[in-house]
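*Asks:* Sequence:
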Amino acid sequence: MSNTILNQNTVIRQCLSLLPTEYLACPLLNYDMKKLSTEGLVKIFVAAQLGKWESYPEFEVNMRAHKDLMEYIGVDSISASQLSRRINDLDTGIVQNLFFKVVKELEYYTKGTTGLPRGVGKLRIVDATHIPLPPILSEWAYVTKGWTVVKMHTRLIVASPDVHYPDKIVP
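Mapping of the sequence shown onto our numbering: position 162 corresponds to residue 162, and the numbering continues sequentially without gaps.
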């Protein structure tokens, strides 16, 4: 029996190492970015999602608590205001391309799966979620008085009883 304990920080680093982020290191994407590269920014937000960090100050506290994670991501220091500024400037097309690359890898690794048992096969389930927006910034998303939302449709692939992943998101 092994007494090895995997801490959450190790798991997060392993997940980050699987992301196809090579193109995010492009000098054109990181021009005039002295402290936090685009690749580092994306990795911090993925780590935050995996760690269930809910606010920029929580990102900052968790990153500072895990110096090895900061070193892995390639940052010396981080602040909540820096994260807020950088995420507002991030081109969403960059994250979309990363999503497409991850989906392609998942499709490759799950192409041999048979789906659910008893002849059901692979399922493609569509789910709709409302994302509420602040009324003052989203008149274009008006539904009713006091309710401005964007409806996101997500297609989930059920490749086997224990393997499922989103492959398409449409607003």
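Calculated from the structure, these hints are not laboratory results. Think of the CB as a built atom: it goes at the ideal place given N, C-alpha and C, for glycine as much as any other residue. Treat the hints with caution; some may be incorrect.
Claimed, not checked - Below are the DSS-like pairs computed for lysine-lysine, each with C-alpha atoms no more than 30 Å apart in a straight line:
#	residue 1	residue 2
1	LYS34	LYS111
2	LYS67	LYS111
3	LYS145	LYS111
4	LYS35	LYS111
5	LYS151	LYS52
6	LYS145	LYS101
7	LYS122	LYS34
8	LYS145	LYS104
9	LYS122	LYS35
10	LYS67	LYS101
11	LYS52	LYS35
12	LYS101	LYS111
13	LYS34	LYS52
14	LYS67	LYS34
15	LYS122	LYS67
16	LYS67	LYS151
17	LYS52	LYS67
18	LYS168	LYS67
19	LYS151	LYS168
20	LYS151	LYS101
21	LYS145	LYS122
22	LYS122	LYS111
Claimed, not checked - Label pairs and their calculated CB-CB ranges:
#	residue 1	residue 2	range
23	ASN30	TRP140	39 to 45 Å
24	ALA128	ASN88	42 to 48 Å
25	LEU133	GLU22	19 to 25 Å
*Asks:* Evaluate each hint against the coordinates.
*Replies:* Okay, the hints, checked on the actual structure:
1. Our distance criterion of 30 Å between C-alpha atoms is broken by LYS34 and LYS111, whose separation comes to about 41 Å.
2. Restraint check for LYS67 and LYS111: the C-alpha separation of about 38 Å exceeds 30 Å, so the hint is violated.
3. As the CA atoms of LYS145 and LYS111 are separated by approximately 46 Å, the hinted pair breaks the 30 Å bound.
4. Taking the CA atoms of LYS35 and LYS111, the gap is near 40 Å; set against the 30 Å cutoff, the hint is violated.
5. The straight-line distance between the Cα atoms of LYS151 and LYS52 is roughly 23 Å, inside the 30 Å bound, and the hint therefore holds.
6. Of the supplied pair hints, the one linking LYS145 and LYS101 is violated, its CA atoms being roughly 39 Å apart against a limit of 30 Å.
7. The suggested pairing of LYS122 with LYS34 is violated, with an alpha-carbon distance near 46 Å, which exceeds 30 Å.
8. Taken as a hint, the LYS145 and LYS104 pair is broken in the structure, with Cα atoms around 41 Å apart against an allowance of 30 Å.
9. A distance of roughly 44 Å separates the Cα atoms of LYS122 and LYS35; the hinted pair therefore is violated under the 30 Å criterion.
10. This hinted pair checks out: LYS67 and LYS101 have alpha carbons roughly 29 Å apart, not beyond 30 Å.
11. With a C-alpha separation of about 24 Å, the suggested pair LYS52 and LYS35 falls inside the 30 Å cut-off, and the hint holds.
12. Restraint check: the Cα-Cα separation between LYS101 and LYS111 comes to about 15 Å, which is no more than 30 Å; the hinted pair holds.
13. Of the supplied pair hints, the one linking LYS34 and LYS52 holds, its CA atoms being roughly 27 Å apart against a limit of 30 Å.
14. Using a Cα cut-off of 30 Å, the hinted pair LYS67 and LYS34 holds, with the two alpha carbons roughly 19 Å apart.
15. For the given pair, LYS122 sits about 42 Å from LYS67 by alpha-carbon distance, which is inconsistent with the 30 Å threshold.
16. Distance check on the hinted pair: LYS67 and LYS151 sit about 38 Å apart at the alpha-carbon level, beyond 30 Å; violated.
17. Among the hinted pairs, LYS52 with LYS67 is consistent with the structure: their alpha-carbon atoms are about 18 Å apart, no more than 30 Å.
18. Between LYS168 and LYS67 the CA atoms are separated by roughly 35 Å; this puts the pair beyond 30 Å, and the hint is violated.
19. Of the supplied pair hints, the one linking LYS151 and LYS168 holds, its CA atoms being roughly 14 Å apart against a limit of 30 Å.
20. Simply put, LYS151 and LYS101 have alpha-carbon atoms about 24 Å apart, close enough for the 30 Å limit, and the pair holds.
21. A hinted pair counts as satisfied when its Cα atoms are at most 30 Å apart, and LYS145 with LYS122 does not qualify at roughly 41 Å.
22. At most 30 Å may separate the alpha-carbon atoms for a hinted pair to count; LYS122 and LYS111 meet this at roughly 10 Å.
23. The beta-carbon spacing between ASN30 and TRP140, approximately 32 Å, falls outside the hinted interval of 39 to 45 Å.
24. At about 27 Å, the CB distance of ALA128 to ASN88 disagrees with the hint of 42 to 48 Å.
25. In this structure the supplied range 19 to 25 Å is violated for LEU133 paired with GLU22, their Cβ-Cβ distance being about 34 Å.
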